[in-house]
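Listed here are the chains, written in short residue letters.
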Amino acid sequence: MHSDLSFDNDASRHFVPLIVAVMVYLATLALAGSMSIGGAVDQWRDAVRGSMTVQLPGRPGGQTSPEAVANIKAITDALLATPGVASAAPLPDSDIQALLEPWLGDADLPADLPVPILIDVTLDDGVSLDPKGLAQRLAVIVSGVQVNDSGASLERLVRLARSVQWVAGIIVALVGAAATAIIIFAARAGMSAHRKTIELLHLIGAHDSYIARQFQFRLLVLSLIGGVLGLVFGAVTLLVLTLLSSQVQASLVPRLSLTAPQWAILAMLPILGTAVATVTARMTVSRSLRQSL
Amino acid sequence: MVRFQNVGMRYGLGPEILHDISFQLAPGSFHFLTGASGAGKTTLLRLMYLAHRPSRGLISLFGRDTTTMKRRELPALRRRIGVVFQDFRLIDHLTALDNVALPLRIAGAKKEAIGAHVSELLSWVGLKDHIGARPPTLSDGEKQRVAIARAVIGRPSLLLADEPTGSVDHEQGLRILHLFEELNKIGTTVVIATHDRDLIARFGRPVLRLVGGELSVHRPPRVVAPSSALAQQAGGL
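Sequences listed follow chains S and F, in order.
Residues in the first sequence are numbered consecutively from 1, following this note's numbering.
Residues in the second sequence are numbered consecutively from 1001, following this note's numbering.
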């Protein structure tokens, strides 16, 4: 686009793309983090929805001891007789050993170690049971029985995750506000630098829109360059983090893997940033021009 | 065409530079505006080309009161005024062609029409070989001619020139004045601010004289001078 204003020597030529690149980079990471946490929350919820765990006191010899077998049968029968319970089955020793592996290592557990017995309970769709009442009823059959409602502890985790998402959202908003302030500053600095030419254009008969359009286009180009650079660096960072997070063996740590629609949302950031910059530049310049004759 | 009624002008809270200026310019007239340095010539011109609103009084251009006119209505009026600034005010990064084309581009003329008109005008003012040159590479006389071409490309009804001969030699100054006379002959109202008494005497046009911020109108007798030969050269400026 032809420009009557000599923008090539402006300081904004360098600092606007740089600042916008940093802003888009930060926004990309914050948004990607927020979306990953959101995905993890959904996965956690799916995993524990409609399930409970009943824990029986451990007995030396594990589930094979006669006492343990009797206890398991009694509790399982009681559970299956409870309305709303779809299934109840003890976790095999191998699964329990896998759960303990992070703390006790992968060696065979000593036979005399009283490892708790876990019974996985699945509820009918839409059913929720009072864990305290169920525990009291089962304790009559086998003393020391505990009922763990995974949903309750998960909700605390979900609240934490949602808080992190809010913080990420606030970061994106602050980044947007800072970028807008920078564009306003750049537009005003540009107007100050080109004051004489702007006056000349007015005196020759230019409308404000003719002048504002030139600033708008200039900042559009600079913002787009910065935005694309920020996105590219952000994407590279995310790919590295994705690779690193895939090597972490912790079920509750959210895996940083984004879906195609989520990548598409991130790709919109430079476009959104450019649109905001363009509108901001136009409004700033138009408002300033109205102060002149 | 131009009408000032009791116009006073001051910048901010400073002293009044122009006091009770009243005059009227008929369409197609040709006037010199003169006065000592600091007399307010440039300020009077700035009021005429709508760079300022007066502190008081009324200014009417083309039959319209500009003092109460809405800001958005000014561009249309400004497009009917051609201005040759004392310091040329060319845009350094644009070529001579683009500088001259500026008023047409602002007015929304089509690219093809702009190219043809501007090239023709630059040839007329003797800058055919400098169409692609940028102002920093031009001499003062060449810059002056680019500025004049820019002022007249839109066929203005009113042409205002602030010391158009100030940065060129006497002979070239005469050529420029003859060019303005040519434009005046085709109906353009011309006002030229100058403190060159020889030029004023040579052309014998009515003079608006500013003294101490007050205006008086004189019509000096035309001095017969061997300017006819120069007049013929005006076409080859």
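Any given hint might turn out to be false.
Computed, partial: chain F to chain S, Cβ under 8 Å [claimed, not checked]: (1) Phe1062; (2) Arg1078; (3) Pro1103.
Computed list of lysine to any residue pairs in SDA-like fashion (alpha-carbon distance at most 20 Å, straight line) [to be verified]: (4) S:Lys196 to F:His1052; (5) S:Lys196 to F:Lys1111; (6) S:Lys196 to F:Leu1074; (7) F:Lys1110 to S:His207; (8) F:Lys1070 to S:Ser288; (9) S:Lys196 to F:Asn1006; (10) S:Lys196 to F:Leu1094; (11) F:Lys1111 to S:His2; (12) F:Lys1111 to S:Arg213; (13) S:Lys196 to F:Arg1064; (14) S:Lys73 to S:Ser143; (15) F:Lys1070 to S:Leu293; (16) S:Lys132 to S:Glu155; (17) S:Lys196 to F:Lys1110; (18) S:Lys196 to F:Gln1086.
Each pair of labels, with its calculated beta carbon distance range [claimed, not checked]: (19) F:Ala1076 to S:Ala267: 43 to 49 Å; (20) F:Pro1015 to S:Glu199: 51 to 57 Å; (21) F:Ser1139 to S:Ala177: 49 to 55 Å; (22) S:Ala267 to F:Arg1072: 36 to 42 Å; (23) S:Ala267 to F:Thr1137: 42 to 48 Å; (24) S:Lys196 to F:Phe1023: 49 to 55 Å; (25) S:Ala267 to F:Gly1132: 40 to 46 Å; (26) S:Ile170 to F:Ala1076: 44 to 50 Å; (27) S:Ala267 to F:Ser1060: 22 to 28 Å; (28) S:Ala260 to F:Arg1080: 38 to 44 Å; (29) S:Ala260 to F:Asp1087: 57 to 63 Å; (30) F:Arg1155 to S:Ala260: 45 to 51 Å; (31) S:Arg188 to F:Leu1013: 49 to 55 Å.
No lab work stands behind these hints: they were computed from the structure.
Using N, Cα and C, we set each Cβ at its ideal position, and we do this for glycine too.
Now the hints, each set against the structure:
1. Annotation: interface hint on Phe1062 of chain F violated; nearest CB of chain S at approximately 13 Å, more than 8 Å.
2. Look at Arg1078 of chain F: its Cβ gets to within about 4 Å of chain S, closer than 8 Å, so that hint holds up.
3. Among the interface hints, the one on Pro1103 of chain F holds; its C-beta lies about 5 Å from the nearest C-beta in chain S, closer than the 8 Å criterion.
4. Simply put, Lys196 of chain S and His1052 of chain F have alpha-carbon atoms about 15 Å apart, close enough for the 20 Å limit, and the pair holds.
5. Pair hint Lys196 of chain S plus Lys1111 of chain F does not hold up; C-alpha atoms about 25 Å apart against a cutoff of 20 Å.
6. A C-alpha spacing of about 18 Å is found between Lys196 of chain S and Leu1074 of chain F, which places the hinted pair at or below 20 Å, so the restraint holds.
7. The suggested pairing of Lys1110 of chain F with His207 of chain S holds, with an alpha-carbon distance near 17 Å, which does not exceed 20 Å.
8. For the suggested pair Lys1070 of chain F and Ser288 of chain S, the alpha carbons sit about 17 Å apart, so the restraint of at most 20 Å is met.
9. The suggested pairing of Lys196 of chain S with Asn1006 of chain F is violated, with an alpha-carbon distance near 30 Å, which exceeds 20 Å.
10. Taken as a hint, the Lys196 of chain S and Leu1094 of chain F pair is honoured in the structure, with Cα atoms around 15 Å apart against an allowance of 20 Å.
11. Between the alpha carbons of Lys1111 of chain F and His2 of chain S the distance comes to roughly 12 Å, so the proposed pair stays at or under 20 Å and holds.
12. As the CA atoms of Lys1111 of chain F and Arg213 of chain S are separated by approximately 18 Å, the hinted pair is consistent with the 20 Å bound.
13. Restraint check: the Cα-Cα separation between Lys196 of chain S and Arg1064 of chain F comes to about 27 Å, which exceeds 20 Å; the hinted pair is violated.
14. For a cut-off of 20 Å, the pair hint linking Lys73 of chain S to Ser143 of chain S stands: about 14 Å separates their Cα positions.
15. The suggested pairing of Lys1070 of chain F with Leu293 of chain S holds, with an alpha-carbon distance near 10 Å, which does not exceed 20 Å.
16. Of the pairs offered as hints, the one joining Lys132 of chain S and Glu155 of chain S holds, with about 17 Å between alpha carbons and a cut-off of 20 Å not exceeded.
17. Taking the CA atoms of Lys196 of chain S and Lys1110 of chain F, the gap is about 26 Å. The hint is violated against a cut of 20 Å.
18. Annotation: proposed proximity of Lys196 of chain S to Gln1086 of chain F holds, straight-line Cα distance about 14 Å (limit 20 Å).
19. Here the CB-CB span from Ala1076 of chain F to Ala267 of chain S is close to 44 Å, well matched to the stated 43 to 49 Å.
20. In this structure, Pro1015 of chain F and Glu199 of chain S break the distance hint of 51 to 57 Å, their C-beta atoms being roughly 24 Å apart.
21. A hinted range of 49 to 55 Å holds for the C-beta pair Ser1139 of chain F and Ala177 of chain S, which are about 51 Å apart.
22. Restraint check, Ala267 of chain S to Arg1072 of chain F: a C-beta distance of roughly 40 Å satisfies the suggested window 36 to 42 Å.
23. For the hinted restraint 42 to 48 Å between Ala267 of chain S and Thr1137 of chain F, the CB-CB distance of approximately 46 Å keeps it satisfied.
24. Hint check: Lys196 of chain S to Phe1023 of chain F, Cβ distance near 29 Å, so the stated range 49 to 55 Å is violated.
25. Distance hint check for Ala267 of chain S and Gly1132 of chain F: the Cβ-Cβ separation is about 42 Å, which falls inside the suggested range of 40 to 46 Å.
26. The beta-carbon spacing between Ile170 of chain S and Ala1076 of chain F, approximately 48 Å, falls within the hinted interval of 44 to 50 Å.
27. For the pair Ala267 of chain S and Ser1060 of chain F, the supplied restraint of 22 to 28 Å is violated, since their beta-carbon distance comes to about 58 Å.
28. The hint said 38 to 44 Å for the Cβ distance between Ala260 of chain S and Arg1080 of chain F, and at roughly 59 Å that hint is violated.
29. Restraint check, Ala260 of chain S to Asp1087 of chain F: a C-beta distance of roughly 60 Å satisfies the suggested window 57 to 63 Å.
30. Range check, Arg1155 of chain F to Ala260 of chain S: about 60 Å between beta-carbon atoms, so the 45 to 51 Å window is missed.
31. Evaluation of the 49 to 55 Å hint for Arg188 of chain S and Leu1013 of chain F yields a failure: the beta carbon distance comes to about 26 Å.
Of the numbered hints given earlier, the model fails hints 1, 5, 9, 13, 17, 20, 24, 27, 28, 30 and 31; all others are met.
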